[in-house]
Amino acid sequence: MSVTAGRLSAPRRKPRESLDPAAMLALPGTLYLLIAFALPLLLLLGASLFPDGGFSLRYYLEFFGDSFHWRVMGNTLGAALWTTGWCLLLGYPTAFALARSRGLVQAVLLISMILPLSVGVVVKAFAWTIVLRTDGVLNQFLTGFGIIDEPLRLLFTEAGLIFGATNIFLPFMVLPIYSVVKLIDPRLQDAGATLGAGPVYRFFHITVPLTMPGVIAGIAFVFSLAVSMYVIPSLLIGERFPTLSTLTARSYLYLRNQALGSTSASVLLMIAVAVVLASSVLTRRWSHR
Amino acid sequence: MAAALPLESTRRDGYLAVQGVTKRFRGVTVMENLDLAVGQGEFVSLLGPSGCGKTTLLRLIAGLLRAEAGRILLDGQDLTRLPAHRRRVGVVFQNYALFPHLTVAGNVAFGLRARKTPEAEIRDTVRRNLSLVHMESFHDRSVLALSGGQQQRVAVARALAVRPRLLLLDEPFSALDRKLRETMQMELRGLLRELDITAVFVTHDQDEALIMSDRIAVMNDGRIEQFADPTSIYTRPASAFVLDFVGTASRLAGTARGVEEGVLTVDTGAGPVRARGGFLPGRGVRVAVRPEALLLGPAPDAAHNELRLRLRDRVFLGSRLVLYFHAGGEDAVLAEVAPARGAGLQPGDEVTLHWPVTDTLVFPA
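These protein sequence lines map, in sequence, to chains A and B.
Counting from 1441, one number per residue, gives the positions in the first sequence under the numbering used here.
Counting from 44, one number per residue, gives the positions in the second sequence under the numbering used here.
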């Protein structure tokens, strides 16, 4: 191989993709999802796009023409973004603690991450109402220690919603990051240090890029869960803070407005699909660098 | 003896100075009061079995571990309290520890970018260092697509790119197959000599240490047993451990009988053997001879030892023939001769051997 040719063409071989027989193993699951998941969603999408048998964007134009719906979308995206942000902030160091700890400590951390997943969201959300009430545990603690004089209003506020949602979705941020951190060779830090890189430089140029696939997956998980959460806002904030999920449910259950319900559900679906697609593109780009 | 050396030489010798270093892991002392002095431009190997503390010493010098006591000086500067990233001590790690998210060039540029070197200078330095290790055509490749030998070259280029004051190598050849390992050893030795880089090299492979080093520090149990040039290590091992670890040797257990004109006579199971040394009569000792010192036939004069032993086995190694003899208990006698000389010998034959008294080594039992 000549030096110049190698330098100019910069060959980067990609493995040839061929159909793996093992892919057939996904067939039963795929069929099930097609019938149980994709078909109803298509019907839902159809209901919003074909109001009277013919194709029309009428519902969407109505939907996006109403400033109330923009507020609903703002609420939904805002709550999801804040929740994702807090989960990332709290989850990133937790994932490292989990990956670097050993033995009993690691077992306890891992169980405390996974066990809450087995408790239903309704139960957890109710538990949070007890914690966040004006005479709740948190306020009693804060006033009792003289940190605040008056009990804070936490329940039925945005802050309370984000607080509760972060708690419930945290494991979905921690676990994907943990699974990536665990695979990073700790000697890369040593290598960076002996090359003259200080701790901050090493964090941003070794740790962050290598954990990026896990971070992207965690963000995609938490964001798509938070953008479509229904029980948590219903219990922790209520009617005052409508989101796409609560709006969809309300239009179907109380208003009997199928058109609005299917439209808002479809908007929500498109947001979720966009997030999943974006994260998969980002992950691919990251691992092919 | 040190006083007789010119001043120049003693200054050179102190380029890297490890002084009284003690290291404990969870209360267990793995290294106590260790000293080592390496001269500028010198290639020094730390040789020893796994767990002897050689990698610990390397990590202490690199700043990846902190010593409980003692000092480490480099070119007159006290490194002891300096973190690894301020020491300008390069390391080539055992499994290279290349950054998987960066290209070959990105890996080599890492240290330069961390030092905020201008991009134009980085480009030149990266190209220059990649060409030193003959990897310039791999500039934009992912390091994941490289073979073991190529990864090792990149690791060397990456470490050299920041112009370290000292290069540490932690068993860099252990993952390579034998043929490639020999090529890389000679290449790396040549490169470091050409660039006049002081290097400390960790290995458990005695051949590697003998081939590459200016001096070898044989380590055992957190101590340096002997620190000398390869020839002295081989021909004048300072302890039974060094003798056993570097090369093979015949070993005979015996009892010191007495010293006459500096020559000690030892009674062994195979007969009396004379050696240079002083041990009190009655003291248990071990006599050893390197296999190539043993010659076939009776001793020509009084300056040689002579033994008559039964041949147990013969192993043909191409250029050499190794003869194993029957000896009692823990004892072992082996001779390495030219294949033609031992052609007629068969296992079971009685063979007379001789070797110079001066080539006989004696250690406390």
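Hints are computed from structural coordinates only; laboratory data are not their basis.
It is possible that part of the hints are untrue.
What the hints assert, rightly or not - Example chain B residues on the side facing chain A (calculated, C-beta under 7 Å, incomplete):
| no. | residue |
| --- | --- |
| 1 | Tyr58 |
| 2 | Leu107 |
| 3 | Gly119 |
| 4 | Leu125 |
| 5 | His128 |
| 6 | Ala140 |
| 7 | Phe153 |
| 8 | Arg158 |
| 9 | Thr160 |
| 10 | Pro273 |
To be verified - Simulated restraints on C-beta separations:
| no. | chain 1 | residue 1 | chain 2 | residue 2 | range |
| --- | --- | --- | --- | --- | --- |
| 11 | B | Leu116 | A | Ala1599 | 52 to 58 Å |
| 12 | A | Val1721 | B | Leu223 | 37 to 43 Å |
| 13 | B | Leu116 | A | Gly1584 | 30 to 36 Å |
Glycine included, C-beta positions come from ideal geometry on N, C-alpha and C.
Evaluation of the provided hints:
no.	hint	result
1	Tyr58	violated (18 Å)
2	Leu107	holds (5 Å)
3	Gly119	violated (20 Å)
4	Leu125	violated (11 Å)
5	His128	holds (5 Å)
6	Ala140	holds (4 Å)
7	Phe153	holds (5 Å)
8	Arg158	holds (5 Å)
9	Thr160	violated (10 Å)
10	Pro273	violated (28 Å)
11	Leu116(B) to Ala1599(A): 52 to 58 Å	holds (57 Å)
12	Val1721(A) to Leu223(B): 37 to 43 Å	holds (40 Å)
13	Leu116(B) to Gly1584(A): 30 to 36 Å	violated (58 Å)
When held up to the earlier numbered hints, the structure conflicts with 1, 3, 4, 9, 10 and 13 and fits the remainder.
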